[in-house]
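K.L.:
Those protein sequence lines, which keep their order, are chains F and H.
For the first sequence, position 176 matches number 176 in our numbering, and the numbering has no gaps at all.
If you count the second sequence from 1, you need to add 195 to reach our numbering.
In short, the hints are calculated from the structure, not lab data.
Ideal Cβ placement from N, Cα and C applies to all residues, glycine included.
Incorrect hints may have been included.
Calculated cross-link-like contacts (lysine-lysine; reagent style DSS-like; alpha-carbon spacing at most 30 angstroms) [unchecked claim]:
id, chain 1, residue 1, chain 2, residue 2
1, F, Lys193, F, Lys41
2, H, Lys220, F, Lys179
3, F, Lys185, F, Lys41
4, H, Lys220, F, Lys193
5, F, Lys82, F, Lys67
6, F, Lys41, F, Lys67
7, F, Lys185, H, Lys220
8, H, Lys220, F, Lys41
9, F, Lys82, F, Lys179
10, F, Lys41, F, Lys82
11, F, Lys41, F, Lys179
12, F, Lys82, F, Lys185
Partial list, derived from the structure: chain F residues whose beta carbon lies under 8 angstroms from chain H [as the list claims (entries may be wrong)]:
id, residue
13, Phe32
14, Lys41
15, Tyr45
16, Glu58
17, Phe65
18, Trp69
19, Arg126
20, Glu129
21, Ser131
22, Gly134
23, Ile137
24, Ala156
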Amino acid sequence: MQPRSDLMELPPDSQSVPPPPHPAEDSLPAEFAALYETHSKQVFYLALRLLGDPTLAEDAAHDVFLKAWRNLSHFRGDADIKTWLYRITLNHCSNLRSSWHARNVHTQSDETVIENAAGASESPFRDVEMSELGQRIQRALDELTEEYRVLLLLVADQELSYDAVAQITHQSADAVRGKLHRARKAFATAFRKTG
Amino acid sequence: MNNRLQQQQSAQAGHTQQSDARTTKAFENAEEVIRADREQTAVPDSLGNRIADSLSREPQATAPKTWWQRLFGG
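Please put together the full structure from these sequences, using the hints given.
P.N.:
In structure tokens, the structure reads:
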């Protein structure tokens, strides 16, 4: 799949489309509106950066909230609802990606090269042009393995503890910390190449 | 006249620098960059309406039944 993060920019003619008459949350069932309002941004963004395509991300976020609605009565309440939504989003996007055989794009040797190439030169995160940020991040994330990509996207959510990330990704918190160090190096190298 | 022109030029230069400062940022690490990207990424307006439309066609969700309701069909 080719990343299409440039699609986030609306075509000129789309600006003439009037906004919906009511905020979307108003038309959702009351008990679900708060859930959507609180978590829609995180769910959509995670799907966007995992799939690399705004249209696919919107479809995925739609399906995630629909699954959440259907399974809300089975939500046990012993996990944070955000953790639960992230888990649904990851599963959904992972299924989509595996159907595209996207997992086979990267090899271990590719990853090793990226990690080893992370030198001690100055930070690639200086003077980052904000209008290019989304495209650069997408290109950098696309260079990483799915595991590193997921870890970075989850840890970037400051409300998630390492234990929560470990729970979502089915591993120990220590494993998360160890892999995160390598994921940061790989991302920094990949991000530098996009500049 | 020259002074006034210089003032205008420096004012314009200052404005340009200010614009650059607004569009260029420095970040500490990968997570900070991703957070900034997430902040400036908008959720499509159509998403909420699509979900609402789909939910309106779903069977009404009910509260989970207790074990005795499941057992006795309550």
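K.L.:
If a hint holds in the structure, say so; if it doesn't, say that too.
P.N.:
Do the hints match the structure? See the list:
{"no.": "1", "hint": "F:Lys193 <-> F:Lys41", "result": "28 angstroms, holds"}
{"no.": "2", "hint": "H:Lys220 <-> F:Lys179", "result": "27 angstroms, holds"}
{"no.": "3", "hint": "F:Lys185 <-> F:Lys41", "result": "26 angstroms, holds"}
{"no.": "4", "hint": "H:Lys220 <-> F:Lys193", "result": "18 angstroms, holds"}
{"no.": "5", "hint": "F:Lys82 <-> F:Lys67", "result": "14 angstroms, holds"}
{"no.": "6", "hint": "F:Lys41 <-> F:Lys67", "result": "17 angstroms, holds"}
{"no.": "7", "hint": "F:Lys185 <-> H:Lys220", "result": "20 angstroms, holds"}
{"no.": "8", "hint": "H:Lys220 <-> F:Lys41", "result": "22 angstroms, holds"}
{"no.": "9", "hint": "F:Lys82 <-> F:Lys179", "result": "22 angstroms, holds"}
{"no.": "10", "hint": "F:Lys41 <-> F:Lys82", "result": "11 angstroms, holds"}
{"no.": "11", "hint": "F:Lys41 <-> F:Lys179", "result": "26 angstroms, holds"}
{"no.": "12", "hint": "F:Lys82 <-> F:Lys185", "result": "27 angstroms, holds"}
{"no.": "13", "hint": "Phe32", "result": "7 angstroms, holds"}
{"no.": "14", "hint": "Lys41", "result": "5 angstroms, holds"}
{"no.": "15", "hint": "Tyr45", "result": "5 angstroms, holds"}
{"no.": "16", "hint": "Glu58", "result": "5 angstroms, holds"}
{"no.": "17", "hint": "Phe65", "result": "5 angstroms, holds"}
{"no.": "18", "hint": "Trp69", "result": "6 angstroms, holds"}
{"no.": "19", "hint": "Arg126", "result": "5 angstroms, holds"}
{"no.": "20", "hint": "Glu129", "result": "6 angstroms, holds"}
{"no.": "21", "hint": "Ser131", "result": "6 angstroms, holds"}
{"no.": "22", "hint": "Gly134", "result": "6 angstroms, holds"}
{"no.": "23", "hint": "Ile137", "result": "5 angstroms, holds"}
{"no.": "24", "hint": "Ala156", "result": "4 angstroms, holds"}
When held up to the earlier numbered hints, the structure conflicts with none and fits them all.
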